[in-house]
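Let the sequences and hints guide you as you build the complete structure.
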Amino acid sequence: MSSMNATTAAPAHHHADPVGAKTGMWLFLFTELLLFGGLFIVYAVYRQRFGHEFGLAAQELNVTMGVTNTIVLLTSSLTMVLSVGALQRGRIGRSLAALVATLGLAGVFLVIKYFEWSAKHSHGIFPGAEHLHAMPHGEGLFFNLYFMMTGLHGIHVVIGMIVMLVVLVKIRNGSVNAANQGVLEYTGLYWHLVDLIWIFLLPLFYLTN
Amino acid sequence: MTDSQVSAAATAGAAQPWGYSGSYFDDPPGGRSGMMSWLLTTDHKRIGLMYLAALGTFFIVGMLLGLLIRLELMQPGEQFINARTYNSVFTLHGVIMIFLFIVPGIPAVLGNFVLPLQLGADDVAFPKLNLASWYVYMVGAVMALVSLFTGGGTPDTGWTFYAPYSVNTGSNVTLAVLAAFVLGFSSILTGMNFITTIHRLRAKGMGFFRMPLFCWGLYATSWIQVIATPVVGITLVLLAMERAVGIGFFDPARGGDPILYQHLFWIYSHPVVYVMILPAMGIVSEILPAFARRTIFGYKAIAMSSMAIAIVGYLVWGHHMFTVGMSDTARWVFSLLTFLVAIPTGIKIFNWVATLYKGSIEVGVPLLYAVGFIFLFSIGGLTGLVNGALSTDIHVHDTAFIVGHFHYTMFGGAGIGLFAGMHFWFPKIFGRMYNEKRARTAWGLIMIGFNTLYFPMLVLGIMGMPRRYHDYLPQFQVPHFISTVGSWILVGGILLMIYNLWRGARSGSPAPANPWGASTLEWQASSPPPQFNFAKPPVVTHGPYEFEEILKSAPTATPEAAS
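From first to last, the protein sequence lines stand for chains F and H.
The numbering used here numbers the first residue of the first sequence as 1 and each following residue consecutively.
The numbering used here numbers the first residue of the second sequence as 1 and each following residue consecutively.
No lab work stands behind these hints, which were simulated from the structure alone.
Wrong hints could be hidden among the right ones.
Under 10 Å between C-beta atoms, here's a sample of chain F residues computed to sit facing chain H [said to hold, decoys possible]:
(1) F30
(2) L34
(3) L35
(4) G107
Chain F regions said to be covered by chain H (calculated; three or more residues, Cβ under 8 Å) [unchecked claim]:
(5) 23 to 29
(6) 36 to 49
(7) 158 to 169
Given the structure is predicted, the values throughout are model-derived calculations rather than measurements.
We put the CB at the ideal spot given by N, CA and C, even for glycine.
See below:
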């Protein structure tokens, strides 16, 4: 702003503002919570109305797979933090390794999810299925909620992986580094939110009876 | 638009680098030029104008559809369009006016242009995101337009997309609700951007309580956008999924509950009426001190009442549903909260009137619109209490009274507020003046036409005329006819206003930096402002409307006083 030399080029007017960028990121995460919030309201209303049937339907879900996935996601949050911490200390190699580990764990999560979903599919339990129509109302709503909420969560996992890949490239080519690590940190914040939402989904769907 | 005004920098005698002098209409040297310099710009002023172009187009389309509705209702029986087309036309009118025009309206156009200027900043916090919001908006708008001509035809559900009809109808509801989802995403991004901008980019010395009241209005608005929009986003996605695969959430045959859809819809769609009105109230709070030449009465009360409206307004959605079969407890709680919202609104109105008291009033065109706003919005607000009271709402629910009330608040409030803001900041935006006499004529036509159009609707509603009806009994004919005549006057006034502004932008006389003698920071920048707004970053030492301080240190308003 203080450059008074009469250059004709447009001056670089925007100062980097990490606090502002982080403010924006937190606001975005807040909107994500509210996006899921709508679904949690629907869940709460129908669980209150069909508590018993929700319990019956929940027994169809594989608790082992659900808990495994929870551990996988929690571990991925840990590796994400390690990646951010390593980059802040300037240890590029370690940061990249931890980020790749996070990506790998996200992949494992999706693979397990795939097996769960395809098992349900083979039993005729998927949105729009005839079998689901024939079920008692509460159980049908439970499974539709299950697919909507884990589906939306799964989309968030995929988006997170894409963003991580982009950040991975940026760390490798040096445009994201110890002095400019914001993008990785915000990706981390987002990833923790994805983790956090899953922590609520696990008891609501798998551990209900 | 290339003649640059004498900027503060030039009077200071120092040659400023490009970007701090000249006009934002000029293409940056060495950068892109022509069309691409607009389509890829990150300048908040250019993005504001791009929104203005899009929104203005949709407004005219929506207005013509409204005119068509009135023409059809001029006489009983079928006049021009059949009942099925009529359903599509009022849906289109609602969807275009709400989702494409009035919700983005003031924040996207005037908020984008004025907010950084009023804060003394060179742009919003996230300029690229700001441009992205415009593109997301345009994608949503194109999706909405495509939905009209594809699939099963134009949606005929009304803009509220109530289940179960919206699930069962063969018209192209799916694409229309996904368009609304995308438009909501644009709205969220703008809200995030403005909140961060207000927190981070205020000029040196500008505490929160030295912010102009328009910024306060936008701040409250942005929070509503961020808090409320995601809920309707997921609701509309669920509606689309309901249509695609039948998830049963809103289908009673499968245990679902259509009333839950209404709840989720209004959790957003009631707060969003405050997204429409709060920035308009901010504009009025800017215009009154400027034209009464005195500080605003009750600055903190007006600022805080914006926040109070935003907070309480989030909790009143149930008053749209008094007749759907909620519990009595829910009904009286929602009714009570609805009455509470009237308090901060009343605080604003009394403070505005008190601002004019003993002011040195200059009756400029922006002031006329601001006073028109207070008049029309007061009618809108008071008729709102009729709807908010449980007993009277049973009588007027789903009648033309609601349509009248809604237009008095949204058009008489948000719409007239936008017109007021356009006339107020026009010299800043385009660097030229509009024809004052023609502007007054247009204002007169708009005010007469408006009341002739919408007041009979209030009467019709109390007589028992239902809303959204294609045909009616003979006893309703006279008010309907008067109303239709009013629509001609109103459209005439609006077209005259648009023509006048268009002509002013093309060939009006050059505007000085501060034509109204107003006190906020945007008037310190030249007209039109350079790309980065200020020759040097402003420092704020007093509140936004302290005219005595401004007279002491205003080189642009009174050049002879500067030594």
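Verification of the hints:
The beta carbon of F30 (chain F) is positioned within 10 Å of a beta carbon in chain H (closest approach about 6 Å), and the interface hint is therefore held. The closest approach between the C-beta of L34 (chain F) and any C-beta of chain H is roughly 4 Å, which is under the 10 Å cut-off, so the hint is satisfied. The interface hint given for L35 (chain F) is met, as the beta carbon of that residue sits about 4 Å from the closest beta carbon of chain H, less than 10 Å. A cut of 10 Å between beta carbons decides the hint on G107 (chain F): the least distance to chain H is about 26 Å, and the hint is violated.
Residues of the region 23 to 29 of chain F lying with their CB closer than 8 Å to a CB of chain H number 4, which satisfies the three-residue condition for coverage. Check result for the region 36 to 49 of chain F against chain H: holds, 9 residues qualifying (beta carbon to beta carbon below 8 Å, three or more required). By the rule of at least three residues with a Cβ nearer than 8 Å to a Cβ of chain H, the coverage given for the region 158 to 169 of chain F is violated, with 0 such residues.
Violation of the numbered hints given earlier is confined to hints 4, 7; the remaining hints are satisfied by the structure.
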